[in-house]
Amino acid sequence: MRGRTRLCAAVLPLLLAGCAMSQLALGPGENGEAGSVAVLNSAGTEIAVVDKPGAVASVSGSSASVKTIDSATFDAKYADLLAALPPQPRTFVLYFKENSVEPTEESQAMLAEIFAEIKKRPGADLEITGHTDTVGSEEVNDAFSLRRAAEITSYLFSQGLDKTIVRIAGRGERELLEKTPDETASATNRRVEVIVR
Amino acid sequence: MRALGTGALLAVVLAQPAWADIGRIKLSSGGASVERDGKLIPVKPGFVIETGDTLVTGARGKAGATFIDNTRLSAGPGTRLTIRAFDYNDTTQQGRFVGVLKKGVVAIISGRIARNDPQAMRVETPKNIYVIRRARVVLNVK
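If you're matching them up, the sequences are chains A and B in order. The first sequence begins at 1 in this note's numbering and counts up one residue at a time. The second sequence begins at 1001 in this note's numbering and counts up one residue at a time.
Honestly, the hints are just simulated from the structure, not real lab data. Check before you lean on any hint, since a few could be wrong.
As the list claims (entries may be wrong) - 25 Å max Cα-Cα, derived SDA-like pairs, lysine to any residue:
hint	chain 1	residue 1	chain 2	residue 2
1	B	K1102	A	F115
2	B	K1044	A	R90
3	B	K1102	A	G54
4	B	K1142	A	A38
5	B	K1103	A	D80
6	B	K1044	A	F115
7	A	K97	A	I114
8	A	K97	B	L1009
9	A	K52	A	S36
10	A	K119	B	P1042
11	B	K1142	B	A1059
12	B	K1103	A	S65
13	A	K52	B	E1124
Unchecked claim - Label-pair distances were calculated between CB atoms; the ranges are:
hint	chain 1	residue 1	chain 2	residue 2	range
14	A	S137	B	G1058	46 to 56 Å
15	B	D1117	A	E102	34 to 44 Å
16	B	K1039	A	S42	23 to 33 Å
17	A	Q159	B	A1011	16 to 26 Å
Said to hold, decoys possible - Among chain A residues calculated to face chain B with C-beta under 10 Å, some are:
hint	residue
18	V39
19	G44
20	A150
21	G160
Quick reminder that beta carbons are idealized off the backbone N, C-alpha and C, glycines included.
In isolation and in its complexed conformation, chain B is listed as follows (with noise of 0.2 Å):
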């Protein structure tokens, strides 16, 4: 590899598929989807998870992800979260997390978006927004 320039070298290591993905699913169980453009497409762990997913569990389901800044959430029965915005600088670790949580229940250990600028990470519920700054939530939606 010695003899590859920089250019080289990162063209081989850049052009990977995971480039394009925003976080992972680690755990899902009892019935854990993803709609995307329309269609509802089950997870298990290692689905790569997109800007405008929506993670949706049925009445007995739950999953869990991880994103690449390190935010880690779980989603209980019930629950439909959109993820509407996700903006991500891997040099600078600053970005921008929009949730949506419709209904149901998610737990949340914020990153390093969240970590980086107090005013980046928002779930947004019905009636009200929270921001979150670096804490370990359980968020819910009745």
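Extracted from the complex, chain A is given alone in its bound form (with noise of 0.2 Å):
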């Protein structure tokens, strides 16, 4: 397989459409997850899969040859391509007052910073997504949690938020804050979360 790989990079200048070598290099994860990547040939057959950050392969059809970098050097030879990558989102919080539509005191607090968040960060859009907690049934809850988030929206328009970088979702009792079981009251769960991209 190497062989194959050098023979590709020796005959490159002469046959650089056709041969069409690609290389992929896996980084150290964001979060400190490290990932991983499958390597398939175009006719959809797995010929490697790339789990070691730093890893870099080179690959052309069904050959792949695999080296290792390490992170200082990976962050050093893509330094103006990660530059590029935009930011990581920033998720805000935002709870209810008590039967009510209208954010609490701390969450309204929030506000000036949402608005600062989006000054800071150019083209940027806004998702807004309710959630429940787990009392009622999944349907009730999609429609209640989307149901929060379009308050929270109407309001956000109202403070004179940009409505054509805005989209809104509900998940429902899916993504729970507070681990509960089933059919449990949870006031940490019922929230919307303002996530500025």
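Got two chains here, each in a separate frame; can you build the complex from them with the hints?
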């Protein structure tokens, strides 16, 4: 396999279009997790799995050769490209006053921070996602979480949020902040997340 | 707003242009465009990406984008990357992301689509297919 890869590299200047080699470098994970990538040939057959941070796979068709670089080399080698990656989205968690569509005082105080975050990010967009606790059926909670997101969204619109950058969603009871059994009331889980991208 | 029923409230909120987009350009410099319906459109931050778009950078160009599932990518000089398929369910956060990298170099930090289904995110190159599972990668085609 190595030999074929080398041959490909040797004839590369002559047959640039026909060679079509590709190379994959697996970086250290953003949150400490390594991650992995499966490499398939064009027929869809798996020829390699790359799962070591710093692994660099040079691939053409069914041949792959893998070497390893350290994370400092990875960062230096791809510095310009990595610098062009947008920043990690930032999440704000908002809660409602009891029996009200208005955010709590603490959550209202967060609004200025949300608007400041939007200003910091060129081309920012928002995801506003509602969540419920586990009281009630999945269907009811899906609808209810979407309503909760819509309420915060209309509130943010009233505060001057640009309507063209918002996407809303209801996650129902799928993403509990506080892990609870089914049919358990939880003020922690009844929330809206505003994600600024 | 209390007086509005759920249906009316959702109608107000959902009637937003952002509903159709799959991602947005966050950075561009040195010559970056999107090819759509045969036309080349220069991009700047805030540009809305749609399924089928091809991100094209010039010899000194680069661009960065974030998708609605939080996938982030950047493209270096001399790149052609087509978003061939993008499906995403906001409620389940599952979907499918198929990119085609014809030439150039991209960095990708996978998002929810890859996190929730290890088979769902792939990038095709002229001779190979990469299935990306929760990873930060650099991929180039020579």
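A quick look at each hint next to the structure:
The hinted pair formed by K1102/B and F115/A fails the criterion: a straight-line CA distance of about 38 Å is larger than 25 Å. At roughly 21 Å between alpha-carbon atoms, K1044/B and R90/A fall within 25 Å of each other, so this suggested pair holds. With a C-alpha separation of about 24 Å, the suggested pair K1102/B and G54/A falls inside the 25 Å cut-off, and the hint holds. As the CA atoms of K1142/B and A38/A are separated by approximately 19 Å, the hinted pair is consistent with the 25 Å bound.
Distance hint between K1103/B and D80/A is fulfilled; the C-alpha atoms sit about 17 Å from each other, no more than 25 Å. Proximity of K1044/B to F115/A is assessed by CA-CA distance (about 21 Å); at most 25 Å being required, the pair is judged to hold. Proposed proximity of K97/A and I114/A is supported: the alpha carbons are some 19 Å apart, at most 25 Å. Of the supplied pair hints, the one linking K97/A and L1009/B holds, its CA atoms being roughly 19 Å apart against a limit of 25 Å.
With a C-alpha separation of about 8 Å, the suggested pair K52/A and S36/A falls inside the 25 Å cut-off, and the hint holds. Distance restraint check for K119/A and P1042/B: the Cα-Cα separation of roughly 23 Å lies within the 25 Å cut-off, and the hinted pair is therefore satisfied. Between K1142/B and A1059/B the alpha-carbon distance is near 14 Å, which keeps this suggested pair within the 25 Å criterion. In summary, the hint linking K1103/B to S65/A is supported, as the alpha carbons are separated by about 20 Å, within the 25 Å threshold.
A distance of roughly 21 Å separates the Cα atoms of K52/A and E1124/B; the hinted pair therefore holds under the 25 Å criterion. Take S137/A and G1058/B: their Cβ atoms lie about 54 Å apart, and the range 46 to 56 Å holds. In this structure the hint that D1117/B and E102/A lie 34 to 44 Å apart at CB holds, the actual value being about 38 Å. At about 30 Å, the CB distance of K1039/B to S42/A agrees with the hint of 23 to 33 Å.
At roughly 20 Å, the beta-carbon separation of Q159/A and A1011/B lies within the given 16 to 26 Å, and the hint holds. About 6 Å separates the beta-carbon of V39/A from the nearest beta-carbon of chain B, less than 10 Å, and the hint is met. Hint on G44/A holds. Least Cβ distance to chain B is approximately 7 Å, under the 10 Å limit. For A150/A, the interface hint holds, the least distance from its beta-carbon to any beta-carbon of chain B being 4 Å, beneath 10 Å.
Look at G160/A: its Cβ only gets to about 15 Å from chain B, farther than 10 Å, so that hint breaks.
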